[in-house]
Amino acid sequence: MARAFKKFLPMFDRVLVERFAPELKTKSGLMIPEKAQGKVLEATVVAVGEGARKDGKVIPVSVTVGDKVLLPEYGGTKVQLEDQEYFLFRDTDILGKFES
Amino acid sequence: MARAFKKFLPMFDRVLVERFAPELKTKSGLMIPEKAQGKVLEATVVAVGEGARKDGKVIPVSVTVGDKVLLPEYGGTKVQLEDQEYFLFRDTDILGKFES
Amino acid sequence: MARAFKKFLPMFDRVLVERFAPELKTKSGLMIPEKAQGKVLEATVVAVGEGARKDGKVIPVSVTVGDKVLLPEYGGTKVQLEDQEYFLFRDTDILGKFES
Amino acid sequence: MARAFKKFLPMFDRVLVERFAPELKTKSGLMIPEKAQGKVLEATVVAVGEGARKDGKVIPVSVTVGDKVLLPEYGGTKVQLEDQEYFLFRDTDILGKFES
Amino acid sequence: MARAFKKFLPMFDRVLVERFAPELKTKSGLMIPEKAQGKVLEATVVAVGEGARKDGKVIPVSVTVGDKVLLPEYGGTKVQLEDQEYFLFRDTDILGKFES
Amino acid sequence: MARAFKKFLPMFDRVLVERFAPELKTKSGLMIPEKAQGKVLEATVVAVGEGARKDGKVIPVSVTVGDKVLLPEYGGTKVQLEDQEYFLFRDTDILGKFES
Amino acid sequence: MARAFKKFLPMFDRVLVERFAPELKTKSGLMIPEKAQGKVLEATVVAVGEGARKDGKVIPVSVTVGDKVLLPEYGGTKVQLEDQEYFLFRDTDILGKFES
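Top line first, the protein sequences correspond to chains X, F, R, Z, Y, D and G. Following our numbering, the residues of the first sequence are numbered contiguously, the last one being 100. Following our numbering, the residues of the second sequence are numbered contiguously, the last one being 1100. Following our numbering, the residues of the third sequence are numbered contiguously, the last one being 2100. Following our numbering, the residues of the fourth sequence are numbered contiguously, the last one being 3100. Following our numbering, the residues of the fifth sequence are numbered contiguously, the last one being 4100. Following our numbering, the residues of the sixth sequence are numbered contiguously, the last one being 5100. Following our numbering, the residues of the seventh sequence are numbered contiguously, the last one being 6100.
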């Protein structure tokens, strides 16, 4: 994953994230069929833009690389980088962070 | 509940709330069937963001953790945190507070 | 009614009002059937928010508790407080005040 | 009419007007049937608000009580005050004034 | 025409214009039937408002009485003043001026 | 063409342009039928407004008379001046200039 | 390609890009039929405008000639310059840059 964010720099207030892998088993160990796997809304920040510009000033984004974040159910732009799937979201569209 | 807001930090002017449990009995003690239970609009604030940013300044949100608030009937984003259901609302979408 | 506005504080520029009771009789004393009773647009202000925030400053609302106001025909949010029906309007949506 | 604007104070940049009576006869003295009477766009200002608020300052309205004004064909809010019909318009929606 | 703009004062950035009379004959002298007469977009300014207000300041309109102007094909408000037809346009909707 | 822009002055940030004549022959000399002639997007600036007004200041337009420009495929207003066809575009709608 | 951006100067915050050539073969060397070739979202910046104007100041664009960028799937304006196909995008619509 490290290579991906070395090579791609999101512009302005865009944030590149990688969704967590979907749960493949239930807590009791049963396989979950792909159709029953919900949309994963947790993601890791892998690259951030320099921030949006407002009246000549740059407003830094509010997340940093490595943050675990909660994504909105809709929105975002799918980005294919070296055969891996990432998503771009505006900084302000990210719902919240998970503290570690 | 305490664990939930230690672990999740809403971004900007978002407020995480937990709706009151629905009334299960009438005042005279009869059970209310689930279909007849109205949508609960009262909620407790469990986590708040740092506030929206406007022209480089941060505007703190107007509610604090523990506040009892009245939610609008529509809007908000359902958030599943550790198998419990919460909702995210923008600070400015909350209708009012109940004084204790 | 006094208890209601002690307990609920509208947020920002929201104003809590209670509509006047509908006219039940004509001037000549005849009962008016419920269907023929028009929507009551006159109301009493029972609680007001601190005011909207604009660029960090708070703009106080233009009505005060006890004011008799004229409501627009559409809009507003119905609020049930202790089995009584109130309505929330934005300060700027109130059409005018009746001088006493 | 004098009583009406003593008792009702429009809020912000709203202007209360009373439309001119429709022409009931042609210039040659013939009665005009009600259906053929056009919508009257001339009106007299009977009460004005204190003005809209912008960044904490109040911008006074541009008409005064007694002004004869031209209304736009659409828009405005019908207001029933003591069994008489008035209309509320935003100051900026009034098309022009007739000089006397 | 002089009487008309003595009596009517457009508000804010509104401009009262009178369209040129339609061409009734071709250059070679043939009558043009009314249906074939195009919409006349050239007009003379007969009255102007004091200008729009922006942040407490008045921005004067960019045309003056007597200017020959080009109107957009759509928009404007027809105004009947003493049985003559005029049109109101916003200052910024006028496309250009013809120099004399 | 010189007469045209002496006589018409676009208002604000409007730019009057004349589209290039369509190609009538292919490079190999064959006639192109009118239907097959594409919409010409290259144009010459023939008159410019003084610029849009923003907060009391005038922002000059970014093109000058004689500039060869690229027009967007949609938008613009057709203007007939002395039997010749011109187009009005907002300064900011012009896509780019061709350096000579 | 060099000639193209010498001759065309995008206006304001517009950026002229040339999309990468589509992949014609799979990694294992098989030809990819044209229909199966996806839309190419990678592009090279070939010319940039001086920047958008905001309150009289010019905000320079965030990419420079030669940058490899990622385009959004929708939007942009196709531009035909000397029989070659380019695209114009607003600076703020470009998703990100690829570091070389």
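Do not take every clue at face value.
In silico DSS-like cross-links for lysine-lysine, where the CA-CA straight-line distance does not exceed 30 Å [unchecked claim]: (1) R:K2035 to R:K2007; (2) F:K1068 to X:K97; (3) R:K2039 to R:K2054; (4) G:K6068 to X:K78; (5) Y:K4057 to R:K2097; (6) Z:K3007 to Z:K3097; (7) R:K2007 to R:K2068; (8) R:K2007 to F:K1078; (9) G:K6057 to Z:K3057; (10) D:K5025 to X:K57; (11) Z:K3054 to Z:K3039; (12) X:K39 to F:K1025; (13) X:K78 to G:K6035; (14) D:K5007 to D:K5068.
Keep in mind the hints are simulated off the structure, nothing from the lab. Remember, it's a predicted structure, so these values are computed and weren't measured experimentally.
Hint check:
About 33 Å separates the Cα atoms of K2035 of chain R and K2007 of chain R, which puts this hinted pair outside 30 Å; it is violated. Restraint check: the Cα-Cα separation between K1068 of chain F and K97 of chain X comes to about 24 Å, which is no more than 30 Å; the hinted pair holds. Between K2039 of chain R and K2054 of chain R the alpha-carbon distance is near 34 Å, which puts this suggested pair outside the 30 Å criterion. At roughly 18 Å between alpha-carbon atoms, K6068 of chain G and K78 of chain X fall within 30 Å of each other, so this suggested pair holds.
Note on K4057 of chain Y and K2097 of chain R: the hinted pairing holds, with a Cα-Cα distance of about 29 Å set against a maximum of 30 Å. Between K3007 of chain Z and K3097 of chain Z the alpha-carbon distance is near 25 Å, which keeps this suggested pair within the 30 Å criterion. Distance restraint check for K2007 of chain R and K2068 of chain R: the Cα-Cα separation of roughly 21 Å lies within the 30 Å cut-off, and the hinted pair is therefore satisfied. For a cut-off of 30 Å, the pair hint linking K2007 of chain R to K1078 of chain F stands: about 27 Å separates their Cα positions.
For the hint pairing K6057 of chain G with K3057 of chain Z, the CA-to-CA distance comes to about 28 Å; that is within 30 Å, so the pair holds. The suggested pairing of K5025 of chain D with K57 of chain X is violated, with an alpha-carbon distance near 52 Å, which exceeds 30 Å. Between K3054 of chain Z and K3039 of chain Z, the direct Cα distance comes to roughly 34 Å. Violation of the 30 Å bound is thereby established for this hinted pair. Taking the CA atoms of K39 of chain X and K1025 of chain F, the gap is near 36 Å; set against the 30 Å cutoff, the hint is violated.
Using a Cα cut-off of 30 Å, the hinted pair K78 of chain X and K6035 of chain G holds, with the two alpha carbons roughly 21 Å apart. The straight-line distance between the Cα atoms of K5007 of chain D and K5068 of chain D is roughly 21 Å, inside the 30 Å bound, and the hint therefore holds.
Violated hints, in rising order: 1, 3, 10, 11, 12; the structure is consistent with all others.
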